[in-house]
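S.K.: Here is how the chains run, residue by residue.
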Amino acid sequence: MNAEKRDRGLLRVDGNECKGCGLCVEACPPKVIAMSERLNHYGYRTATYAGAGCTGCGICFMVCPEPGAITVLRAMAQRSAAGSGVTMGTEGAMPCASN
Amino acid sequence: MSSELISEYEVIHAKPKAFYETYERKDELQHQTHYCPGCGHGTIHKMLAQAMDEFGIKDRTILISPVGCSVFAYYYFDVGNVQAAHGRASAVATAVKRSRPESIVISYQGDGDLAAIGSAEILHAANRGEPIAVIFVNNAIYSMTGGQFAPTTLIGQKSTTTPSGRSAIHEGYPLHVSELLATLEAPMYIERVGLGDNRQIAQASRAIRRAVENQVRGLGFSFIEVLSPCPTIWRLSPVESQRWVREVMEKTYPLGVFRDRTKDAQPRPTPQEPPALDAIPQIIGVADADVTEHSAIRHEPVTDVDLHVRVAGFGGQGVLLLGEVLAEAGLDAGLEVSWLPSYGPEMRSGTSNCHVRLSREPIDSPLVTAPNVLVAMNEPSLKKFDKSVQAGGWVIYNGDAFPPECVRKDVHVLALPFTQIADALGDARAANMVMLGALLEIAGALPQTSVDAALARLVKNPRFFELDERALARGRELYRESVREVCHAG
Numbered sequence: 001m002n003a004e005k006r007d008r009g010l011l012r013v014d015g016n017e018c019k020g021c022g023l024c025v026e027a028c029p030p031k032v033i034a035m036s037e038r039l040n041h042y043g044y045r046t047a048t049y050a051g052a053g054c055t056g057c058g059i060c061f062m063v064c065p066e067p068g069a070i071t072v073l074r075a076m077a078q079r080s081a082a083g084s085g086v087t088m089g090t091e092g093a094m095p096c097a098s099n
Numbered sequence: 100m101s102s103e104l105i106s107e108y109e110v111i112h113a114k115p116k117a118f119y120e121t122y123e124r125k126d127e128l129q130h131q132t133h134y135c136p137g138c139g140h141g142t143i144h145k146m147l148a149q150a151m152d153e154f155g156i157k158d159r160t161i162l163i164s165p166v167g168c169s170v171f172a173y174y175y176f177d178v179g180n181v182q183a184a185h186g187r188a189s190a191v192a193t194a195v196k197r198s199r200p201e202s203i204v205i206s207y208q209g210d211g212d213l214a215a216i217g218s219a220e221i222l223h224a225a226n227r228g229e230p231i232a233v234i235f236v237n238n239a240i241y242s243m244t245g246g247q248f249a250p251t252t253l254i255g256q257k258s259t260t261t262p263s264g265r266s267a268i269h270e271g272y273p274l275h276v277s278e279l280l281a282t283l284e285a286p287m288y289i290e291r292v293g294l295g296d297n298r299q300i301a302q303a304s305r306a307i308r309r310a311v312e313n314q315v316r317g318l319g320f321s322f323i324e325v326l327s328p329c330p331t332i333w334r335l336s337p338v339e340s341q342r343w344v345r346e347v348m349e350k351t352y353p354l355g356v357f358r359d360r361t362k363d364a365q366p367r368p369t370p371q372e373p374p375a376l377d378a379i380p381q382i383i384g385v386a387d388a389d390v391t392e393h394s395a396i397r398h399e400p401v402t403d404v405d406l407h408v409r410v411a412g413f414g415g416q417g418v419l420l421l422g423e424v425l426a427e428a429g430l431d432a433g434l435e436v437s438w439l440p441s442y443g444p445e446m447r448s449g450t451s452n453c454h455v456r457l458s459r460e461p462i463d464s465p466l467v468t469a470p471n472v473l474v475a476m477n478e479p480s481l482k483k484f485d486k487s488v489q490a491g492g493w494v495i496y497n498g499d500a501f502p503p504e505c506v507r508k509d510v511h512v513l514a515l516p517f518t519q520i521a522d523a524l525g526d527a528r529a530a531n532m533v534m535l536g537a538l539l540e541i542a543g544a545l546p547q548t549s550v551d552a553a554l555a556r557l558v559k560n561p562r563f564f565e566l567d568e569r570a571l572a573r574g575r576e577l578y579r580e581s582v583r584e585v586c587h588a589g
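First to last, the sequence lines map onto chains A and B.
Residues 1 to 99 in the numbering used here are what the first sequence lists, from first letter to last.
Residues 100 to 589 in the numbering used here are what the second sequence lists, from first letter to last.
In isolation and in its complexed conformation, chain B is listed as follows (with noise of 0.2 Å):
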């Protein structure tokens, strides 16, 4: 008789085929979304994923999913999802949709996430006009987090910020985004709608097809609110939430269109073709013959290399530069390398320091948690990163009186007053490069020519190009003197 039942009645309403047939996110209930009872956003999903149907755009739709309870759609929509940072939603849509503008990119946000830390973005993308749907669910409320004030908070309204209830004078006055963004000239159409009643519910479908469908036919900015009730947070049963909205949060934030310019619009011309990748040197004017030679591998190091070294020193002593000379000689000898520098928001004085790596190897992190070269430039620094040195590994330390807490029996030491020696060559801001030079004639792998093409290419001055090139060749000579040293006394 079933099938009597199949020839009687055709399916009209069922699970939209963008959604997946499981969700994959927790062992059980993966027939269930992780909403609460009556929560809107199930209901929006829905919407959103009949027009995908509808158009039959699934495997050409980017969704980015934003921070709030809909964190997790990409566990029920199937098709393509970036999850953005707090509030970045709409930023990372243009990017996307930039790069790929053949999809149909929506970003699916709530009022946390928009209308508060994510407000810039909003703003920015709704002035360029970005060719995305932003489908903005407003609860009026900070729901996941457990129900804290929001922008979109209405006057009088309790959260757990606001026990006694918003006011205006402490809190300001709701922020009517929709009303916002119809300020400016380039969206291209906004519309609020709320899930109040069968009415507004219908409307609201209607407002997100028309946002999915401004997109397909490649017009521009569409943004949709959606008042959307939220049972859990305001302590109302899911019929009651849905009788607050229509009674109570559309006397704030009144429904209708604010935006409506597409009935004349014609579709956006397409982005112009990126540059090919070859030709940015051009453009950017760094096409000279010394770029295009020293990407070529000029110098076969005569050994292997493997380096870890970590640079540390105040901020204005040159930490940064000295890693940089040499990851920039490690990439003209031809060899893998990563410089990545670590400092605080000060200009100077503040402490600083750069991870570097040089390896033959493609190089995995460029982390340098346990480096083998550890160049310190300060007292601080060295009693910092002292015992990360591995075993075998070298301490290079700006001062001569090595402070006895940090000496150990498996590193080599080179201790010299550095900065002192800069001083004598004609300028202590040299002293990093003094310690590079004994850096290098202690690694012993890359040839001068790379290390003065390097140096070429980061210091412009002539005056101060000479001067490093000076303290480079006195780091060399302070490290081959100190190991003849070490051998008379042996």
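Okay, chain A solo, but in the shape it has when bound (with noise of 0.2 Å):
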């Protein structure tokens, strides 16, 4: 609950959307993407976010081939006050995540 463990990225991904190719886990530098255990609607794993870890490098919305089943944010300025906002922010990612 403190500034340092604040992540610089953060990672939304489009259970819909996603057709579970698997580059973007292939392609994350630090590895916070995973397949999902679960099918999504259209039976495909999906990506996921391991929930922290993210530095909002970009790269995995690069190399998704669907306009829009990734989303990356990225920390504004730091904030004294940043810290209860940091893990409800990445819970807040979870949902979308994993539907």
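None of the hints are false.
For the chain A half of the interface with chain B, some residues (derived, Cβ under 10 Å), not all of them:
{"no.": "1", "residue": "Arg6"}
{"no.": "2", "residue": "Arg12"}
{"no.": "3", "residue": "Leu23"}
{"no.": "4", "residue": "Tyr44"}
{"no.": "5", "residue": "Val72"}
Derived from the structure by calculation, the hints contain no laboratory data.
Where is the CB? At the ideal position from N, CA and C, for every residue including glycine.
Using the hints, put the two standalone chains together into the complex.
M.R.: Set out below in structure tokens:
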């Protein structure tokens, strides 16, 4: 719950748009993307964000063949009160990543 | 708490604005492209869309979609689009750019499209240095059709049409389009990139951005070849396909910049404004008094006209000229007209026919499938078209023995040996004009002055003009005689 734990980046995967090709898993430098255990509505295992460690480099977005399956966010300028927001923010992205 | 999330993080990479929100090709799956998982097209689309966003050119971009898997690009990009016939995207892009020089024109083509059937179009577009951007997606195979060998297929690579692998002896060598185009003088920028790993993908993105930027700057021809994975046809996983691009394809197709003259390049001069429409007759030398005069309505037709004429015969009998004189005369008389020729590749002796329509009302279709006048210049043509004539219509047949199987009670027939009649006038070739004379007399709609004017424009030789005039008069006479005979007989 302190400022140094705050990730530089954040990742959202649209579980309906992802076709599960796995290129982002391969491409991610800090290896924080994995394939989901369960299949989505269309029968694909989709990419999911591990929930922490994203650097916001955006390479997963570049390699992804779907226009809007991945959205990458980057932390804005550090603020002293950032701590509490980070944990909640990361969790907030999770449902999106695994639905 | 979600508002806190937004305040802490900002979106830096999201679906580019140059894409539609939803893709309406199908009723469902409107949020996904139709591309296979791991397909390079999606990635390249995204790079292009990002570049469009970055330069703010969405509203003035025209994408030329090819034939191939990316034929549906217009369902994804929210920009102008023309979907070109197979291989012709570069030629279409040329036309679009020349007619709309302020537009950003991007031709998006695959290797089956660009390097095979479209090799002439790309070569000449590049050689002319057309100021367009061409994105060439090379996956070394015909994918959409199921994996046939393409000019870009690697030596030894298996395809449905090279089941034991491409051999140089039989199929030649992989076509290096970027290198080929780089031998030309005109291209501004040529680069080959790949989608083999993160580094390559980042470079591909820069190259595509560069091609778009070149056009925004008004520079010349930019060509980006992208080695792109096709997991489905290659029968590899998406990750293996990526590796195949990097480790196998790249050996045949080395990456790099083959041409870059952008540094000191000046924007191309704006093309000259096209001449005003009414100045064109002057330029092409047809602005004589006759043209100006006949473009105005000179003669009001005496009756309402709705002619659906089919003229058929052997090539060389003057089938097309007959139709043309009729249409020109109609035009002179201020009618709506159409003339549509239909003939084989032979100059002579093949069959030939044309569709002619004359009407007071605008013409919906130039096709005449149910004529109200059939001019059959020989027996095969009569047999081919006699059933199509409307009830109450006319058949004008060149021959005195009307074939019994073609007799219909619900159509009028004028069957005469027109060739012999024309021969008696001085030249058997004037049979078409004798038949036209009869047709004009039957239709009764066109003043002779309009017919004279049309004939004068189409028949320049004074000897033939004079002959044709006599032939027309003879045709009119023959019809009147036939009516008298019927009356006397009745």
